[in-house]
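Undergrad: Sequence lines, in order, name chains A and B.
Here the numbering used here is used: position 305 in the first sequence is 948, and no number is missing along the way.
Here the numbering used here is used: position 85 in the second sequence is 182, and no number is missing along the way.
Among the hints, erroneous ones may be present.
As the list claims (entries may be wrong) - Subject to a maximum C-alpha distance of 27 Å in a straight line, what follows is the list of computed DSS-like cross-link-like pairs (lysine-lysine):
#1 B:130 <-> B:193
#2 A:750 <-> A:803
#3 A:663 <-> A:872
#4 A:664 <-> A:806
#5 A:679 <-> A:663
#6 A:664 <-> B:193
#7 A:750 <-> A:719
#8 A:872 <-> B:130
#9 B:192 <-> A:872
#10 B:130 <-> B:197
#11 A:933 <-> A:945
#12 A:679 <-> A:722
#13 A:722 <-> A:803
#14 A:664 <-> A:679
#15 A:664 <-> B:192
#16 A:806 <-> B:197
#17 A:806 <-> A:872
#18 A:933 <-> A:872
#19 A:679 <-> B:197
#20 A:722 <-> A:806
#21 B:130 <-> A:945
#22 B:130 <-> A:722
#23 A:806 <-> A:750
#24 B:193 <-> A:945
#25 A:719 <-> A:806
#26 A:945 <-> A:803
#27 A:719 <-> A:803
#28 B:130 <-> A:933
#29 B:130 <-> B:192
Keep in mind the hints are simulated off the structure, nothing from the lab.
In case you want the letters, here they are:
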Amino acid sequence: MAVTRLNYVSLYVTDLDLAKKHYEEVVGLRVTDVTKNQVYFQSSDSQNHHCVIINASDRAGIEHIGFKVSDPSDIKEIKLVSENYGLETSDVSAGEILGIGEGVKIKLPSGHYLNFFYHADVIGYANGMFNPKSIADEVMGVNPLSHLDHLLVTCEDPAKTIKFLQEVLDFNVTETASAPDGSIIAGFTTVGNTMHNIAFAGGPNGGLHHIAFYVYDRADVIRRTDLLKSRNVPTMEFGLTRHGIAGVTTVYFFDPSGNRNEFQCGAYETPGVPNRVELVTWDVDSLMGKGGFYYEAAVEPKFFQTVS
Amino acid sequence: MTSTYQVTIRAEDGQEISSQVSTSETIMNAFDKQGYALHASCKSGGCGACVAQILTGQFQYLLPMSANKLERVSDGAVFLCRATPQSNLMIQAPKKWIVKKGSMFSDALRDI
Chain A
644 MAVTRLNYVS
654 LYVTDLDLAK
664 KHYEEVVGLR
674 VTDVTKNQVY
684 FQSSDSQNHH
694 CVIINASDRA
704 GIEHIGFKVS
714 DPSDIKEIKL
724 VSENYGLETS
734 DVSAGEILGI
744 GEGVKIKLPS
754 GHYLNFFYHA
764 DVIGYANGMF
774 NPKSIADEVM
784 GVNPLSHLDH
794 LLVTCEDPAK
804 TIKFLQEVLD
814 FNVTETASAP
824 DGSIIAGFTT
834 VGNTMHNIAF
844 AGGPNGGLHH
854 IAFYVYDRAD
864 VIRRTDLLKS
874 RNVPTMEFGL
884 TRHGIAGVTT
894 VYFFDPSGNR
904 NEFQCGAYET
914 PGVPNRVELV
924 TWDVDSLMGK
934 GGFYYEAAVE
944 PKFFQTVS
Chain B
98 MTSTYQVTIR
108 AEDGQEISSQ
118 VSTSETIMNA
128 FDKQGYALHA
138 SCKSGGCGAC
148 VAQILTGQFQ
158 YLLPMSANKL
168 ERVSDGAVFL
178 CRATPQSNLM
188 IQAPKKWIVK
198 KGSMFSDALR
208 DI
């Protein structure tokens with residue numbers, strides 16, 4: 644069994660029209676499908692049907708997260724091992740999520756739902772799949788971005804969920820932060836060669852801290868920060884800045900429902916044998932100092948206190 | 098019909114600021130125009146950073162407010178980035194505002 648990729652996140656939004664405008668014109672994604680209550684988006688340089696779904700709702704936050712597996716038989720296996728672990732599961736039929744084949748949805752101890760599937764429709768690059776031109780056009784005035792990179796979610800006991808993902812689903816844990824008593828207060832997990840696909844930190848169960856988009860170069864993070872400011876998009880007080888952890892140049896901002904987004908560039912990669920990358924650890928002082936925000940060497944309390 | 102009400106915000110230290118707030122705008126916007134940046138983060142009704150407590154008066158939400166946040170607070174809580182007054186209001190704010198205008202340096206800088 645192998646979980647191979649973070650494929651998409653599905654978000655709740657309180658105003659579908661405003662959210663559509665945001666993910667198109669501020670983030671720079673292309674719309675790939677629309678239903679009465681949903682809009683699907685993909686970046687210019689990803690081939691699958693979508694990387695973000697927004698769902699009209701009475702709330703903000705995360706609906707579920709989609710991961711692709713390497714073989715159709717993995718779906719049954721994930722259902723079995725998750726149920727053996729005591730987690731709730733439910734079957735997802737093909738097409739229930741547009742562009743996605745059958746899968747199994749599991750509820751993590753953290754309260755988040757993950758959908759594991761094998762098939763995703765291929766819609767191709769924005770520039771096509773035959774002799775594509777190498778420079779992508781702007782999407783609604785914003786540079787195209789590379790891909791959905793990761794998300795940070797919150798829960799009461801990060802260690803419990805990280806342990807399940809590592810020991811049962813073979814996710815690689817790249818970095819953790821520990822309290823003085825040794826308990827894990829935050830952890831970064833990946834299924835690829837990036838530093839993280841899904842990270843967990845303390846907070847309410849089922850909470851969403853942010854979803855992050857990878858942009859092509861560090862200078863584009865600066866250009867995008869300029870655009871965010873000129874368009875009056877709410878941003879974090881810190882940022883443009885750099886994270887000590889991962890080393891990315893980063894800016895945080897909010898969609899019109901209050902879901903936090905991030906543009907980032909420069910994360911280190913973890914090539915090598917999957918699941919054999921040695922763990923990096925942090926203590927609280929470093930996490931809340933240069934590990935968190937490298938330039939400011941402090942973390943604005945609101946950064947961890949506010950989640951959707 | 099648009100009406101206007103007097104909204105007063107009291108900080109923990111007892112200091113108060115007031116503004117006339119129209120029912121066509123949010124309390125946060127009205128104070129922002131007066132030069133007061135209230136404690137907030139997403140300013141979009143999703144994160145909960147701007148939560149405060151109603152001492153007296155009525156309000157309603159002018160814009161969508163995430164049920165995730167409404168379900169987690171007790172009666173009398175108000176999220177200032179989305180709320181508009183329905184009467185004169187007295188509000189207790191757990192976090193102090195920042196004065197943006199009228200001084201050489203902002204309050205944020207003065208604390209350093």
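Undergrad: Taking the hints in turn, state whether each one holds.
TA: Comparing the hints with the structure gives:
no., hint, verdict
1, B:130 <-> B:193, "17 Å, holds"
2, A:750 <-> A:803, "13 Å, holds"
3, A:663 <-> A:872, "19 Å, holds"
4, A:664 <-> A:806, "38 Å, violated"
5, A:679 <-> A:663, "13 Å, holds"
6, A:664 <-> B:193, "33 Å, violated"
7, A:750 <-> A:719, "15 Å, holds"
8, A:872 <-> B:130, "18 Å, holds"
9, B:192 <-> A:872, "24 Å, holds"
10, B:130 <-> B:197, "10 Å, holds"
11, A:933 <-> A:945, "17 Å, holds"
12, A:679 <-> A:722, "31 Å, violated"
13, A:722 <-> A:803, "19 Å, holds"
14, A:664 <-> A:679, "16 Å, holds"
15, A:664 <-> B:192, "32 Å, violated"
16, A:806 <-> B:197, "47 Å, violated"
17, A:806 <-> A:872, "40 Å, violated"
18, A:933 <-> A:872, "25 Å, holds"
19, A:679 <-> B:197, "42 Å, violated"
20, A:722 <-> A:806, "17 Å, holds"
21, B:130 <-> A:945, "23 Å, holds"
22, B:130 <-> A:722, "54 Å, violated"
23, A:806 <-> A:750, "14 Å, holds"
24, B:193 <-> A:945, "14 Å, holds"
25, A:719 <-> A:806, "21 Å, holds"
26, A:945 <-> A:803, "25 Å, holds"
27, A:719 <-> A:803, "23 Å, holds"
28, B:130 <-> A:933, "35 Å, violated"
29, B:130 <-> B:192, "19 Å, holds"
Going through the hint list in order, the structure does not satisfy hints 4, 6, 12, 15, 16, 17, 19, 22, 28.
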